[in-house]
Amino acid sequence: MVGSAVFRVEGLRKSFGQNEVLGGVSLELHAGEVTVLMGANGAGKSTLVKIISGVYERGGGTMSLAGQDFAPNTPAEAIRAGVVTVHQNINDGVVADLDVATNLTLDRLSGSGAPFLFNPARVRREAKAVADRMGLAIDLKARVSDLSLADRQMVAIARALAHQPKVLILDEPTSSLSSAEADRLFALVDRLREQGVAILYISHRMSDIRRLADRIVSMRDGVISGVFDKKPLDYEGAVNAMLGRKIHLDQIVARDSAKAILTIDGLRIAPGARPISLTLGDGEVVAITGLVGVGKTALAETLFGVRRPLAGTMTMNGKPYAPGSAGEAIAAGVFLVAKDRATSGIVGGFNIERNVSLPFLRRMSNLGVLKRRLERATARRQIEELGIVCRSEKDELASLSGGNQQKVMVARWMAQDATLFILDEPFQGVDISARRDIAAKLRASANGRATLLFVTELDEALETADRILVMSEQTIVGAHRNAEVDLDRLLAEVAGGPLHNAA
Amino acid sequence: MTLRDHAIRYGFIVLLFGLVAYFAIAADGFVSPQSAVFIFQSVAITGVLALGVTATLVVGGFDLSIGSVATSAMMAAAYVMVVLEQNAVVAVVVCLLIGAIVGLINGWLIVYMRVPDLLATLGMMFLLVGLQRIPTEGRSIATGMTMPDGSVANGKFGDAFLALGRHRFDFFIPNLIPVSVVVLLVLAVLIWFFLEYTRFGRMMYAVGSNERAAELAGAPVKAYKIWAYVISGVFASIGGILLAARLGRGDIASGNNLLLDAVAAALIGYAVLGAAKPNAFGTAVGALFVGILLQGLTMMNAPYYTQDFVKGVVLVVALVFTFALSGRGRE
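Chains V and R are the protein sequences, given in the same order.
Going by the UniProt record's numbering, the first sequence opens with residue 1, and the numbers climb by one from there.
Going by the UniProt record's numbering, the second sequence opens with residue 1, and the numbers climb by one from there.
For the record, the hints were derived by calculation from the structure and aren't laboratory data.
Idealized CB from N, CA, C, for every residue including glycine.
Certain hints may be false.
As the list claims (entries may be wrong) - Below are the DSS-like pairs computed for lysine-lysine, each with C-alpha atoms no more than 27 Å apart in a straight line: (1) V:Lys319 to V:Lys371; (2) R:Lys277 to V:Lys371; (3) R:Lys277 to V:Lys394.
Unchecked claim - Computed far set for chain R versus chain V, every beta-carbon distance over 10 Å: (4) Val20; (5) Ile105; (6) Gly138; (7) Leu176; (8) Thr198; (9) Glu215; (10) Leu216; (11) Met299.
What the hints assert, rightly or not - Facing chain V, a subset of chain R residues (Cβ under 8 Å, in silico): (12) Met203; (13) Tyr304; (14) Thr306.
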């Protein structure tokens, strides 16, 4: 039932300051069709959605809806025109303290033409009409805060659909749902597809994509990098277009390690996930890659003692290793450069020197009193080692570029010798030169410890690691030595094909 | 540094000196050792409380219960000595214990029960205001008072205890420096050293600035937060001991201004030397600033009811210095 496009975006551009986020995006959505949009973090998906839904002003390009020019100035205008977005954060779509009926009709409470008095009977009547049309079986008198996440999601979508949209955008709707809950959502999406709604479905979950997609559009670095609409859909091709190599750098000389540092045996990090077993060796740099939400951060946090495994054992240098807190992990020589430095790394009130010394204050103090000279000397040495561009060790972190901020985070954890050094998405928001500096530094200093990186981008793994492991569905599904990697097999594993292919 | 940087850094210190110069000219007898000591004495108790609340501000919290902890400690000291007829040491120990226990409960409510800091300590404030009146059914405590059961309380404040409020040390001039001022100075230096030069203080700042980063750097974040409230509670109870020793009785009507004055001093401290964060030195200067202002106004015969207004103006100006001009308030 592919006809002409209901919704069309052409040459859409958007910049924030110097930073171009969308470099001319063109996209078509057809009635009665689910178009899946894939893209890594920072590819520009959410900016695109925000422009379409009227949150951001576009920098250039045109949008049209059913042949008419479409240029919403506010989210309300977009909704009234028939373009409705359900954002990723479920709780943005519902008011937790009100009941389901009021939530379903919330948008009729304001705006011109809304009655002055609140009439509960009318609200319930209208809400029932909305719920029936959707096939929603939820008690309309229940408070939203008493509902499960999936039910809240349904209410948020039903609320969006009360406007009878022509275009529905679902931004990672299953990211916090269980698989049974997700099935209910899929049934709803199928129903809407039959009703002729054009759906843009943004997701990283390959199982969702396989279940729903009529077309796949891949995005990378602010442009569309691939459109796939021939049946059967080429899922590996879509993943490749989203993550694949864009530049060929010097090949790594992959090293093999003789001595094991960390052995993981039967580790389960999520209910229902298959156990993980792996060995990390001395001097080895191992990258674990996989899409967003496959459990990379959960595994990193389990190794670092922030999260408890459901089952399994870890052995480090021959001794059992079961950290109960970050403090215990650090004492055992396991360091983590956490994902998203702004929220989990940088202490904003501290300068470089104090940010660097943070985890090792105990070792840098005498009876609790800090050895400030040692602190400064350490900071200066680390600034030198990693080539951090700054005026002095007294600089505030806010005055540094993203790449240099990340170098400070790496410098913090390289100030002392690690047994196991974990970096979770260390290259996020980092320019290419800083990324190469950090990668080179990691490889040069790798002897004497095991180094484990978690990265979504394949390039980053291929540039840095001796071994590449692939994660999917909260477990490891493939291993590759970084020499003549079989990229097709690797991509198939990332895309999470049937398990017998991946094992 | 630009002019603006200088203004942010030294603005408040300049204002302080300007104030002193103005009062020196305008108010007779403002510049004298006695006047200076009087100012110190008037800020000693609020200063001690302010130093305590600074510790909670450092970890990103707030403690509204300090005023009522101080008055509860005062009432407890009076009850222990007058009704239970115990000595000064017992009274001091009981007060300090009350401060520590209230701090622990505050910390527990905030960290484990997840009650927002302002609400938890506000609740604790109301609780203590009521609790301190229960043993005497709302009466003030003094030697010779009649108890609810009709008996007469014959205990009295020990001399050693009263000395905490009334003894003066010789300093060039005989009988110049009161004990409370010495206590303030000692505690100020202690907490300053603790926050600036020990790893515990450093970690507390890290917890206040980015809790998750501190946790991932291996800090026991919950313990640090609870300790901050214990410090605050103990300092407030020390303030209560000094108050009881100065008054010589357990006066249920005193101590109303303690909370506001102490919080104002700590918040003014943000602006001192452009720190833009809670700090012990700034808090001490803030307390001094408020004290000088009030003493000067009093000596110029400004009516008492204008004083709260002036304090409020100073606080608002100081907060503008911190948050708007330096642009470092949030983020």
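Each hint tested on the structure:
Straight-line distance between C-alpha atoms of Lys319 (chain V) and Lys371 (chain V) comes to about 32 Å, which puts the hinted pair past the 27 Å bound. Between Lys277 (chain R) and Lys371 (chain V) the CA atoms are separated by roughly 23 Å; this keeps the pair inside 27 Å, and the hint holds. A distance of roughly 17 Å separates the Cα atoms of Lys277 (chain R) and Lys394 (chain V); the hinted pair therefore holds under the 27 Å criterion. Here Val20 (chain R) stays apart from chain V, with its beta-carbon at least about 31 Å from theirs, past the 10 Å limit.
Non-interface status of Ile105 (chain R) relative to chain V is upheld: no Cβ of that chain comes within 10 Å, the nearest being about 25 Å off. For Gly138 (chain R), the shortest C-beta to C-beta distance to chain V comes to about 40 Å, beyond the 10 Å cut-off, and the non-interface label holds. Non-interface status of Leu176 (chain R) relative to chain V is upheld: no Cβ of that chain comes within 10 Å, the nearest being about 33 Å off. Interface exclusion of Thr198 (chain R) from chain V breaks down, the closest Cβ pair being 5 Å apart, not more than 10 Å.
The claim that Glu215 (chain R) is not at the interface with chain V is violated, since a C-beta of that chain comes within 10 Å of its own (minimum 6 Å). The beta carbon of Leu216 (chain R) is not kept farther than 10 Å from every beta carbon of chain V, the shortest such distance being approximately 5 Å. At roughly 39 Å, the least C-beta separation between Met299 (chain R) and chain V is larger than 10 Å, which holds for a residue marked as non-interface. Interface restraint check for Met203 (chain R): the shortest CB-CB distance to chain V comes to about 6 Å, inside 8 Å, so the restraint holds.
Evaluation of the Tyr304 (chain R) hint against chain V yields a violated restraint, the C-beta minimum of about 39 Å exceeding 8 Å. Look at Thr306 (chain R): its Cβ only gets to about 36 Å from chain V, farther than 8 Å, so that hint breaks.
Violated hints, listed in ascending order, are 1, 8, 9, 10, 13, 14; each of the other numbered hints is respected by the structure.
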